[in-house]
Amino acid sequence: MVASLLMPLSSCSERRESLSSNTRQSFDITYSKKEIVIESSTHTGKDHFFKKDGEYFSSSDSILFFSVVRDTILNSTSSGIDYKTIIKKEGNGLFTTSNYLVSNTGCLFFLISYSYDSDYHISKIVKCSNVVYQ
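In terms of the working numbering, the sequence shown opens at residue 964 and continues consecutively.
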């Protein structure tokens, strides 16, 4: 399912946009000079990503999350669960960060993917339910 980009809300210091689909879930994304905050309409928490040296890192563990500087594969563990994050440059100036759950046997299970441009503007989110948010 493909959804349309809602009109951006903006202020002098930050910009806020909403990505939604035909499902009940949507994502509100707030951009400021040093931070990107992503809030899901179906989850109570917010994901905060902080800018450092031209890249964005997750707030909870300072692991690289968004990058237009380098392609990267990261392995991490949170609460005893293993994850793999793949950051790569796609075509046409787009970049993708994809997260996978890693099973005990090493199999990867897709969780979520973010597509963004060189200014870290997120244009698409794909979740494991195969719903596309634009």
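If you're looking for bench data, these hints aren't it; they were derived computationally from the structure.
Hints may be right or wrong, so weigh each one.
[Claimed, not checked] Calculated cross-link-like contacts (lysine to any residue; reagent style SDA-like; alpha-carbon spacing at most 25 angstroms):
(1) K1052 / H1006
(2) K1052 / D1080
(3) K1087 / T1068
(4) K997 / I1044
(5) K1009 / T1059
(6) K996 / K1014
Quick rundown of the hints versus the structure:
1. K1052 / H1006: violated, 29 angstroms
2. K1052 / D1080: Between K1052 and D1080 the Cα gap is close to 9 angstroms, so the pair holds against 25 angstroms.
3. K1087 / T1068: violated, 30 angstroms
4. K997 / I1044: Measuring from Cα to Cα gives roughly 29 angstroms; hence the hint is violated.
5. K1009 / T1059: Between K1009 and T1059 the Cα gap is close to 20 angstroms, so the pair holds against 25 angstroms.
6. K996 / K1014: Holds. K996 to K1014 sits at ~8 angstroms (cutoff 25 angstroms).
Figure legend: structure checked against the earlier numbered hints; hints not met, in rising order: 1, 3 and 4.
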